[in-house]
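Enquirer: With the sequences and hints as input, model every part of the structure.
Residue numbers (my numbering), protein chains in the order written: chain Y, 37 to 235; chain X, 37 to 235.
The set of hints was computed from the structure by calculation and includes no laboratory data.
It cannot be assumed that every hint is accurate.
No copy labels: a pair is met if it fits in one copy or bridges any two.
Here are the simulated DSS-like pairs of lysine-lysine, each with C-alpha atoms no more than 30 angstroms apart in a straight line [to be verified]:
1. Lys211 x Lys40
2. Lys162 x Lys40
3. Lys40 x Lys219
2 protein chains.
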Amino acid sequence: MADKFDFSLPFSVDFDFVTGLSVMGESTKRMLSRMKGMFCDAEAYENALAEGDRTVYEFYEPGCPEEAGQLAFGTSITYPGKVGAEYHMTKGHFHTILATAEVYYCLSGEGYMMMENPEGDVRVAKLRPGEALYVPERYAHRSINTGSTPLVTFFVFRGDAGHNYGTIETKGFRKLILEVDGKPAVVDNPNWRAEECHE
Amino acid sequence: MADKFDFSLPFSVDFDFVTGLSVMGESTKRMLSRMKGMFCDAEAYENALAEGDRTVYEFYEPGCPEEAGQLAFGTSITYPGKVGAEYHMTKGHFHTILATAEVYYCLSGEGYMMMENPEGDVRVAKLRPGEALYVPERYAHRSINTGSTPLVTFFVFRGDAGHNYGTIETKGFRKLILEVDGKPAVVDNPNWRAEECHE
Chain Y
37 MADKFDFSLP FSVDFDFVTG LSVMGESTKR MLSRMKGMFC DAEAYENALA
87 EGDRTVYEFY EPGCPEEAGQ LAFGTSITYP GKVGAEYHMT KGHFHTILAT
137 AEVYYCLSGE GYMMMENPEG DVRVAKLRPG EALYVPERYA HRSINTGSTP
187 LVTFFVFRGD AGHNYGTIET KGFRKLILEV DGKPAVVDNP NWRAEECHE
Chain X
37 MADKFDFSLP FSVDFDFVTG LSVMGESTKR MLSRMKGMFC DAEAYENALA
87 EGDRTVYEFY EPGCPEEAGQ LAFGTSITYP GKVGAEYHMT KGHFHTILAT
137 AEVYYCLSGE GYMMMENPEG DVRVAKLRPG EALYVPERYA HRSINTGSTP
187 LVTFFVFRGD AGHNYGTIET KGFRKLILEV DGKPAVVDNP NWRAEECHE
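Expert: Next up, the structure:
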């Protein structure tokens with residue numbers, strides 16, 4: 037969608053309340069093959085990929101100028117599924133300008149937002165349709181789909197906030213959400229900081 | 037809702053997709069009696085008020101700190117109705133920090149966003165459920181309900197943007213949306229800048 041909209045003038049973009057999909061916009065798809073090292077169980081990841089690539093999540097962003105007066109917005113759609121015991125999730129990121137918040141409004145599906153600040157404070161919030169979640173300044177964030185339908189959120193953040201994916205790709209989050217006894221459980225990431233999980 | 041939430045930590049707030057109402061939050065109601073001089077037909081306004089006061093619109097804001105890294109968010113609910121031929125609407129405002137955008141995501145109802153910048157460029161955009169509207173930097177904005185059910189939008193803007201209501205209260209918008217032959221029509225505001233409309 038980059039460069040499609042002129043942010044100096046009003047414009048509208050459709051986002052379906054259930055699927056999160058847009059007719060006017062073009063999404064970015066994050067395939068399983070592009071998430072090597074993100075899921076904790078490396079063997080389960082390779083096995084899943086051997087069965088065929090798939091879309092783990094997709095999102096829209098209408099090409100917002102990287103300026104502090106602008107706002108980037110769109111939907112994020114995380115599809116149901118697991119890699120081993122770990123639920124489908126987004127890669128997760130800090131904002132490059134760390135002290136910038138993000139607002140999420142959950143449209144459909146069910147899941148969690150995993151959040152963590154550089155000092156190691158970890159917060160997990162439920163995402164429920166009809167609830168807005170405030171991700172405060174300085175917290176990395178990752179959407180996790182623990183349900184059986186797409187987890188769809190509408191998001192807004194400052195135009196110049198930027199995405200720092202590298203820190204999470206290298207270090208991971210301190211906590212994971214895994215399926216344990218058929219239910220989501222927050223567990224310590226056994227590979228946090230460890231090389232094995234980030235080959 | 038001011039001071040109810042700690043914006044330095046994650047928190048959730050519910051907003052109903054149809055009514056826009058929240059259990060967790062407290063709304064601000066804008067009564068007809070508090071909108072003297074905003075509707076163009078002063079006689080119709082006095083007649084409407086004589087029949088009893090009513091809520092023209094209400095909105096939520098969870099007490100966002102006035103800081104550039106924070107985001108204010110909530111729902112705006114404009115109830116159906118007219119004052120003379122003029123549809124119910126919000127007071128409308130510029131942001132105090134003029135060059136800050138606002139994102140609206142229309143949840144239910146039907147209407148328009150009236151927008152105008154200081155140079156007099158006027159833009160009118162339809163608000164439809166399932167469509168996000170980008171109100172760019174420097175544009176004053178007013179929601180107008182031209183339907184028969186509440187017009188509900190979810191909004192996000194920068195925490196320090198601020199509201200300048202005075203300019204619109206004094207000058208009005210250059211255009212109005214009136215019911216003409218049973219349908220909404222954008223017409224010149226005959227009283228724009230004139231004292232009669234802003235007694």
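Enquirer: Next, verify each hint and record whether it holds.
Expert: Against the structure, the hints come out as follows:
In this assembly of identical chains, Lys211 and Lys40 lie within 30 angstroms of each other by CA distance solely across copies; the values are 28 angstroms between and 38 angstroms within a copy. Taking the closest pair of Cα atoms, Lys162 and Lys40 come within 30 angstroms of each other only across two copies (19 angstroms); inside a single copy the shortest separation is 33 angstroms, beyond that limit. Taking the shortest alpha-carbon separations for Lys40 and Lys219, neither the intra-copy value of 42 angstroms nor the inter-copy value of 32 angstroms comes in at or below 30 angstroms.
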